[in-house]
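Model the placement of chain B on the given structure of chain A, informed by the hints.
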Amino acid sequence: MIGAKDVAFPRLNLASWYVFIIGGLVTLYAIARGGIDTGWTFYTPFSTLYSTTYVEATGVGIFLVGFSSIMTGLNFIVTIHRLRAPGMTWFRLPLFIWSHYATSIIFVLATPVLAVTLLMIIVERVFQVGIFSPELGGDPVLFQHMFWFYSHPAVYIMVLPSMAVVSEIVATFSRRAVFGYVFVAFSSIAIAVVSFLVWGHHMFVAGLSVYSAMTFSMLSYLVAVPSAIKVFNWSATLYKGSISWDTPMLYAMGFIALFTVGGMTGLFLAALGIDVHVTDTYFVVAHFHYIMVGGAVMGYLGGLHYWWPKISGRMYPERLAKAAALTVFLGFNLTFFPQFVLGWLGMPRRYAAYPPEWRMLHIISTAGATILGVGYLLPLLYLTWAWKHGSPAGPNPWRATGLEWQTPSPAPKHNFEVTPVVTRKAYDYEGMKEELGLG
Amino acid sequence: MASSGSLALREQFGTPQHQRDTAVVGMWIFLATEVMLFGGLFTGFAAYRMYYTQGFLEGSREMTLTIGAVNSAVLLTSSLTMSLAIRSIAQGKQFRTYVLLLITALIGMVFLALKFTEYYLHYQERKVPGIWFVSSKPEAGPEQLFFVYYFAVTGLHAVHLTIGIGLTVTMAVRTAIGRFNERYHTAIEMVGLYWHFVDIIWGFLFAIFYIPGFHK
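Chains A and B, in that order, are what the protein sequence lines are.
Residue numbering for the first sequence is 1 to 439, as defined by this note's numbering.
Residue numbering for the second sequence is 1 to 216, as defined by this note's numbering.
Each statement offered as a hint is correct.
Here are the in silico distance ranges between beta carbons for each label pair: (1) Met-50/B to Gly-431/A: 58 to 64 Å; (2) Tyr-120/B to Gly-346/A: 54 to 60 Å; (3) Leu-238/A to Ala-46/B: 47 to 53 Å; (4) Lys-137/B to Glu-357/A: 57 to 63 Å; (5) Gly-431/A to Ile-163/B: 47 to 53 Å; (6) Ile-67/B to Met-214/A: 45 to 51 Å; (7) Ala-32/B to Lys-388/A: 41 to 47 Å; (8) Arg-183/B to Ala-206/A: 53 to 59 Å; (9) Gly-203/B to Pro-134/A: 31 to 37 Å; (10) Ala-46/B to Val-276/A: 28 to 34 Å; (11) Phe-204/B to Thr-53/A: 32 to 38 Å.
Derived, one-sided and incomplete: chain B residues facing chain A with beta-carbon distance under 10 Å: (12) Arg-10; (13) Glu-11; (14) His-18; (15) Ala-23; (16) Gly-26; (17) Leu-41; (18) Ala-47; (19) Val-128; (20) Pro-129; (21) Gly-141.
Quick caveat, the hints were computed from the structure, so don't treat them as lab data.
Backbone N, C-alpha and C define an ideal beta-carbon position, used for all residues, glycine too.
The following block holds chain A by itself, in its conformation from the complex (with noise of 0.2 Å):
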């Protein structure tokens, strides 16, 4: 997409797979063997005093893991500094770019925060030391500073890739550019920062100061800023745009609809008296499902069916793609918006006994998890029988602009015959019509 022959260190690259491979196998050990009891926040004292669980396993694998963040990460940005084509100047990189530009800064600077913090809990269990031990003076309450300054910006790896793609559907299938280029691109920038100055807003009950829960609660306010912009941009993009409804676009659109509701309970949430008062309950969860699911796996498939073209070279069946887009809309919902209510009424996260009056919103929950799940079958299936079946797609399936679309599909070992060198903007849907004559 920036019209480079590889990443700035394919060895690197290699190795970033490998290693990712390896903390997976570690893992995966650590579950065969009897997983963990720790839950994926490995709160101290439990996690090194009390659980006689593979916590020391499971940690390496996840510092493994880490590591391979680490590398690539490392090489996106070398990548992105270092290897443009002729004439591809910052502001006309792809919002793609962008946002893994950013993604990219959170990995090189949250990841090795958490390989450490996994590191004391390794020492302090083998050494019995305690490090975040109270019997011994430590601070637990230190355990979860650290653990949130990687794992709040963690989900900002997760969701920026997504908007990254959102932003390359919705001008494709519009066939504008992105409105307000500039604000989308550094909002991108804005979220990588911000984040790492809000992980406090997970530690309201855990006994911080009120000035400290105060300060966090309102720069928990100010990153919603950034991703508003996102939003109100993307919808300003499809304002007198030529709009298709194909597979990709139907995920972006479920994208801002899911984030959006998500991004607005959570202004909920970063409000200090709200907090408390759903703290641990489902409320928590059906926020964090609509940023991470109904966002982040939302926009996932939607890159996945917008560059399967690409990577494969053949198209997809594109009516059960569309059908299987809409169920997926459907079961989110039904799994996710019933756990609002649940949670605001007070039922708690991670108990499988309730009060008979909430059994329907309960049994809703569940039959939404069945449609979710058959609507996530349902790509795996018709994508594996594309990969030899669909028929050819040919370089650019969707008349978009990106460099990657004026290359071959599967894009050759060198990625382009011949450098490219560009010469307009992203998005240039004016350019290309008057190219093709229809100007």
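Frame of chain A; chain B shown alone:
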């Protein structure tokens, strides 16, 4: 990170200069991740030092200031020889580079030897947290916490230095078999950056662990 050992220009780059500068950008970003890695430990140390000022001062008084100070001088000297090695290879003097790189690695080993002597002294004084820790002071808990951080951070630093020594020896061997000359020596420069980084980290360690207990 360090790029390939051959002179060959990789296909994704336009010129050798382009390739070399890209490696430099990559190395600096890698060093940024290292800053964050050590930063996590420094942050925890700073927080506890604020909670337990007195206990951490007691811990600092147990340090062997002489060994720490000598080690600082040792490591700074190794940074000098590393810089001289990079200068020599830029002038095409391969044998001189080879010798300087070996001296650098050797000084690194002297540092480690002194460091482990110090660890052994702590062991004799029963200052190994968890398994072998005795303190007669009222602030025994915080003092132990000080030693947890001391061993964790200096240990992580020693691991980094060991990797640095391995890389430096590798560079020396590759210089000896003629892989580098005045036109191509990116890998040595990258190892040099890494070496200086490890040196700078030690400067901070010396400041936070040794100096507070200086006034006995």
